[in-house]
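The task is simple: from the sequences and hints, build the whole structure.
Protein chains: 4
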Amino acid sequence: MIEVGIVGGTGYTGMELLRLLAGHPQVRVRAITSRGNAGTAVDDMFPSLRGHLDLQFTAPDAETLGRCDLVFFATPNGTAMQMVPELLEAGTRVVDLGADFRLKDLPTWSQWYGMEHACPDVVEQAVYGLPELNREAIRGARVVANPGCYPTAVILGYLPLLEQKLVDASFLVADCKSGVSGAGRKAQVHTLLCEANENFKAYGAPGHRHLPEIRQGLAQIQGSDVGLTFVPHLVPMTRGMQGTLYARLTGQANLQELYERRYAAESFVDVLPPGSHPETRTVRGTNMCRIAVHRPADGDTALVLSVIDNLTKGAASQAVQNMNLMLGLEETAGLQQIAVLP
Amino acid sequence: MIEVGIVGGTGYTGMELLRLLAGHPQVRVRAITSRGNAGTAVDDMFPSLRGHLDLQFTAPDAETLGRCDLVFFATPNGTAMQMVPELLEAGTRVVDLGADFRLKDLPTWSQWYGMEHACPDVVEQAVYGLPELNREAIRGARVVANPGCYPTAVILGYLPLLEQKLVDASFLVADCKSGVSGAGRKAQVHTLLCEANENFKAYGAPGHRHLPEIRQGLAQIQGSDVGLTFVPHLVPMTRGMQGTLYARLTGQANLQELYERRYAAESFVDVLPPGSHPETRTVRGTNMCRIAVHRPADGDTALVLSVIDNLTKGAASQAVQNMNLMLGLEETAGLQQIAVLP
Amino acid sequence: MIEVGIVGGTGYTGMELLRLLAGHPQVRVRAITSRGNAGTAVDDMFPSLRGHLDLQFTAPDAETLGRCDLVFFATPNGTAMQMVPELLEAGTRVVDLGADFRLKDLPTWSQWYGMEHACPDVVEQAVYGLPELNREAIRGARVVANPGCYPTAVILGYLPLLEQKLVDASFLVADCKSGVSGAGRKAQVHTLLCEANENFKAYGAPGHRHLPEIRQGLAQIQGSDVGLTFVPHLVPMTRGMQGTLYARLTGQANLQELYERRYAAESFVDVLPPGSHPETRTVRGTNMCRIAVHRPADGDTALVLSVIDNLTKGAASQAVQNMNLMLGLEETAGLQQIAVLP
Amino acid sequence: MIEVGIVGGTGYTGMELLRLLAGHPQVRVRAITSRGNAGTAVDDMFPSLRGHLDLQFTAPDAETLGRCDLVFFATPNGTAMQMVPELLEAGTRVVDLGADFRLKDLPTWSQWYGMEHACPDVVEQAVYGLPELNREAIRGARVVANPGCYPTAVILGYLPLLEQKLVDASFLVADCKSGVSGAGRKAQVHTLLCEANENFKAYGAPGHRHLPEIRQGLAQIQGSDVGLTFVPHLVPMTRGMQGTLYARLTGQANLQELYERRYAAESFVDVLPPGSHPETRTVRGTNMCRIAVHRPADGDTALVLSVIDNLTKGAASQAVQNMNLMLGLEETAGLQQIAVLP
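Protein chains in written order, with our numbering: chain P, 1 to 342; chain A, 343 to 684; chain B, 685 to 1026; chain S, 1027 to 1368.
The set of hints was computed from the structure by calculation and includes no laboratory data. On a predicted model such as this, the values are computed, not experimentally measured, just so you know. Cβ atoms here follow ideal geometry from the backbone N, Cα and C, with glycine treated the same way. Errors might be hidden in some of the hints.
[Unchecked claim] Below are the DSSO-like pairs computed for lysine-lysine, each with C-alpha atoms no more than 27 Å apart in a straight line:
| hint | chain 1 | residue 1 | chain 2 | residue 2 |
| --- | --- | --- | --- | --- |
| 1 | S | Lys1130 | S | Lys1191 |
| 2 | P | Lys104 | P | Lys165 |
| 3 | S | Lys1191 | A | Lys528 |
| 4 | P | Lys186 | B | Lys870 |
| 5 | A | Lys446 | A | Lys507 |
| 6 | B | Lys849 | B | Lys788 |
[Stated by the list, open to error] What follows is a list of derived Cβ distance ranges for each label pair:
| hint | chain 1 | residue 1 | chain 2 | residue 2 | range |
| --- | --- | --- | --- | --- | --- |
| 7 | S | Ala1359 | B | Met685 | 20 to 28 Å |
| 8 | S | Gln1190 | B | Arg719 | 41 to 49 Å |
| 9 | P | Tyr203 | B | Met799 | 50 to 58 Å |
| 10 | A | Glu608 | P | Thr332 | 30 to 38 Å |
Okay, here's the thing in structure tokens:
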């Protein structure tokens, strides 16, 4: 049995890691840490796990974590970079669900995250964990930077278009919508039910931390910088994310065929039939990204609708997918859930 | 591989049967019927099943269904009773998720369901499929009447109290609350999002079809008729059900111990620690019933909080549990899902 | 123009007072206080008020408040009792939306609110502000204790039955349900959208602060102590509250007639036709209490369904109704809104 | 007192007209028609109106309607055009909340609405009822085509930019989101709470009826055809609509000043301070459009966030605003509601 640790287990991505790993056939959670809740039984805090997981929160402890085959960080930004070097030395692999290792350009990172980076060398070796883009590198990686939720939905949506250089990459518009769980489990006024329910709004229009991450990913695909307007919105629901992606076509292509071909071998990207509109609920709790591609009125606009669950493909289940790759397991192991509908 | 059929697969309980059976290790769905959608691929109607189930709806056909080991009826009341006798003759077992075989007293049945019963003899042999009450009879049954959602939550909640004759059974109050999916997937004004959202109301206060079913179940346990006031309410959410159950204590007992002991061997009833309040979301999509028992202010009122998911333990997963028992499979097979939270 | 002040204007009841008073024909808000937000324009914090109210939050200041005709306290429990004596001396009337003056029995108050009372003499002269019960006393009051939301719904629901001594008052069951706004606007994990949405649960089953308040009100009506089991539940919606009230009938009466007669002259209690189920959305944002009364299966149980909006009739609009009475205005002034549906 | 009629009063826009007109100081609803519900009291169907409106539904009758000063049509598309000519002859003014008179180009109308137009001459004289664009013409109109909800949000959002010819009008992107009430009150599966709740999706990506209407409006402003990609989405809430509007700047301007100046005299368009994100809940139930304008990263993209309530400014209250103009009343009469928050 492979043994893993989770640092920071009391937020939503930590909860989801627990659910997924409790059902993973080859993995056992050896330790889950939470300074504030050390000694509390995990299923006291999360009663949905009663009967599925017999574990207590512990204080983070490098020795215990260092004995794990792999450690997930589900911590606030800036935490993982303090502990990762020591774990790497102990031979443990790491998947960071935070943003510490996502941006290669450190001044950009510092500008958006407001601190100096603690281990630039680890940033250098870290692999951006989007398997559909970087699968082979992930297999060999010791540190994987698990992508943000918006970047996952947007990069997977634009990928075939940019790979084929079919659009004007200087004016891309990514209008994105997220359920409220993207804001995490901390107590805040603006995510109270009474504030977020029966309401819709944009946020971060002047700038959002996921913008440089998306631009980095798209630039890798396109081979050059892209011009991107990215506007996130808050949807009054718990989970689910859609990227509605616009681009002006510069070349000719059968977009439906292009997308189907590109993702034919991918287990977790599902290209819908022509004329479809993916629904976020169909991917709830799963590792699936569902995509539909349109060309409205047969004009020169490519329109891509890309949906994921922000907490799974946008965080925890993608982290498990990365773990599977890093440890040589079946890529889909533990990730075959069907969304619960309605 | 055991082969099963589903009659009436386009409603919510049919959808849930598909999800659960697609993940069941020993069962294959051979046929799913829908007159109106014959020829349609199941995953065209339910895209969440894409990649998990390769099946088309077919018109109901006694021969095909008769070759199944077991057939589930997820049909409107009054449909199953027309087809079941023929299937029984063909040697097929039946689980009816509707109400055709739930009430032993046929005049009462006719009064509440507004029709004559088509096969009184099948009613006689049918077993009421609440495993925690009738497990052995279910194992040997050829027809199981799968309980209604409210009856499941209420009977499991009162069971230990009535078995021990600890309360005044002439004045029981079951104040129940259900998510909107209990009303099914048919187009109706009062279950539109705009009608049911941000709203709370009682319904059926003058009388509800589940009342005689609950009274029949409680009378079986108590050994005599009970006086029950049952008021259902509609909660603005998709899934989940709570019975808040009140009774006046006539005897002495440690209620916590009583409940823990009674359900110690049950895989799908979870008695919470003293002082708890079960949450419907912790059982979402699962076969679990979570119960807390209180005695407010140490007075003479027993208060039981009993939650289930109305579509799973209240319908589809309980049907699978019954199937497991009827076919000699592990009772928990295919039913170990963890609720997706948040 | 009458001038009023609001102490503690940044919570939900403060917001609602602002909305209602901005539309009141005879009243002007002179001051609204918030220590933490002094200097902020009210409509910066609450953009829905843009164009309707030109006011800034100020630090609480006894002199300014003392020049108001009436001051509302929309503050945490324990705050009003520190400031009220000084305001009374200045000749200002007070409506406290908190609990400081609701319970006449001070030891009980201290037990539930965890502090000593600062001004027992003011408690003595304070009038419990349920106009349908205490209208004349309110007219003459200098301090009104505005009722809690649950007490409003429950007392109005039981009132006609207890006035007529028609039920066994030793075993009353009030099963109550509230929208999440009852928990206020402070940042807390359990009222986050992601925690409260698509979920239903009871809370406070072992005991809730509104229990002694309800019992005090019912005892006033009945003329003796009552036995009450009160269980509140959290409904996944912002506003709205229902009390589902059960009692065992001991006398004979036409309940429908009784309720219609009792409330015929009340502007804000609406008894629905026989067989009805009131919906919380029909009272949203209004001062109305809608009631239906049933006798299920013509048995000996009286069932009352009583709905209010917890933030208006359960708090802010009832406070305005009390203000109208105290200041000799038309009781319905500023309170004629129609609920916005759907 | 001015007398008005409403044809088709049982849908959401009809309900909203009733609410608004019941509170209008100078108007009385003389007749509200519904073939299917003739004889039913309005407040039996809509209990929120109990005590506010004493009226029964009647069968539509040209004579009664013809005696009204103005008649609103809140009917399915294709109904108004059958009755309007007769009413105009009787001297009655008309506001059609449907689409019968919105498009000047009749072949386009027929293509999108699937029928021949019954009265092309009335189309010709009809005025498109967006007061911020066509106020003077509305004052003199006998027939006003009340705009669709998406067109209202989008046209008001783009108006200042196009008037000043500041953007590349050949590539506009309007990413729009609507609450579910936009789909009306008819029973449909896809708008059931269980289908629409906790879900997000685009719809109509290949083409939507509001596209030609928006293009017609924008072309009027720009003075020439525009290239527009319009993608609507369904948000899991009852009310509210946002247009997130993108355009590539070709000229220089201070966008904030431009918007503030353009709308300075408008009672129902509120330009928010720089850096804002309007929330749909702040306009709920009101006639307000709230707009914020951004230029992300000081680049060449203009980003406009425009929110309305789809049932009020997007339908019923804009119809009342048009009525006020047509009848020479104060434009804001009966339209001063404050949104109920939270």
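Quiz item: Any hints this thing doesn't respect? Which numbers, in order?
Solution: 3 and 9
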